[in-house]
Amino acid sequence: MDKWEGEDEEEDVKDNWDDEEEDQEKKVDMKKTEKKVSDKKKLMEKIKEKENRLKKKQQELVENEEELTQEEQLAEKLRVQKLQEAADLELAKDAFGVSSTSNCVTGIDAMCPSSKEDFTEFEKLLKEKITQFEKSVHYSSFLDSLFRELCISLEVEDLKKVSNSLTVLLSEKQKQEKKCSCTFSCCPVPSWKI
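Take the sequence shown: its letter number 68 is residue 68 in full-length UniProt numbering, and every next letter is one higher.
A portion of the hints provided could be inaccurate.
Here are the simulated DMTMM-like cross-link-like pairs (lysine to aspartate or glutamate), alpha carbons at most 25 Å apart as the crow flies [as the list claims (entries may be wrong)]: (1) 48 with 72; (2) 41 with 51; (3) 129 with 109; (4) 127 with 109.
No lab work stands behind these hints, which were simulated from the structure alone.
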């Protein structure tokens, strides 16, 4: 095979070397303008449809207002005013950094126990809260007063149960102290559940 084979054959040469590119560019430009025009038409149609819908809604509102009695119109105005005030209040809270959830009560104050599990959870939270102050000098007198006030409303049988539990706890604590004093070493006092 010859490297130069086909070199001397003539190709269809255009009169102007830019002709082919210009034709393609014109076609592309025509398509773009057609798309833009069709997109604009669609957009204009959508805008007109929305405007028509809004006009219909406004007409319906006007017709409804005409149908309402004076009392109903007044009630509607009050409702709109309350909604406006609520929205203004929320905006003011947001502006001053006050969150609407800050008014929510959490923890022990939020609890309203009704089942056994609820009371167990309530007991746990109360214990955590109260035992924070067990190092205080006034802690034992506080517990004495608290238990007395809490037990006033109890029935005799329930009060006996509480008393027995405390008596058992007392005897176990005394045994622990006796063991510690016998061995002359200080034993850590275990925490007992009441």
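Hint by hint, which ones does the structure fall short of? 1
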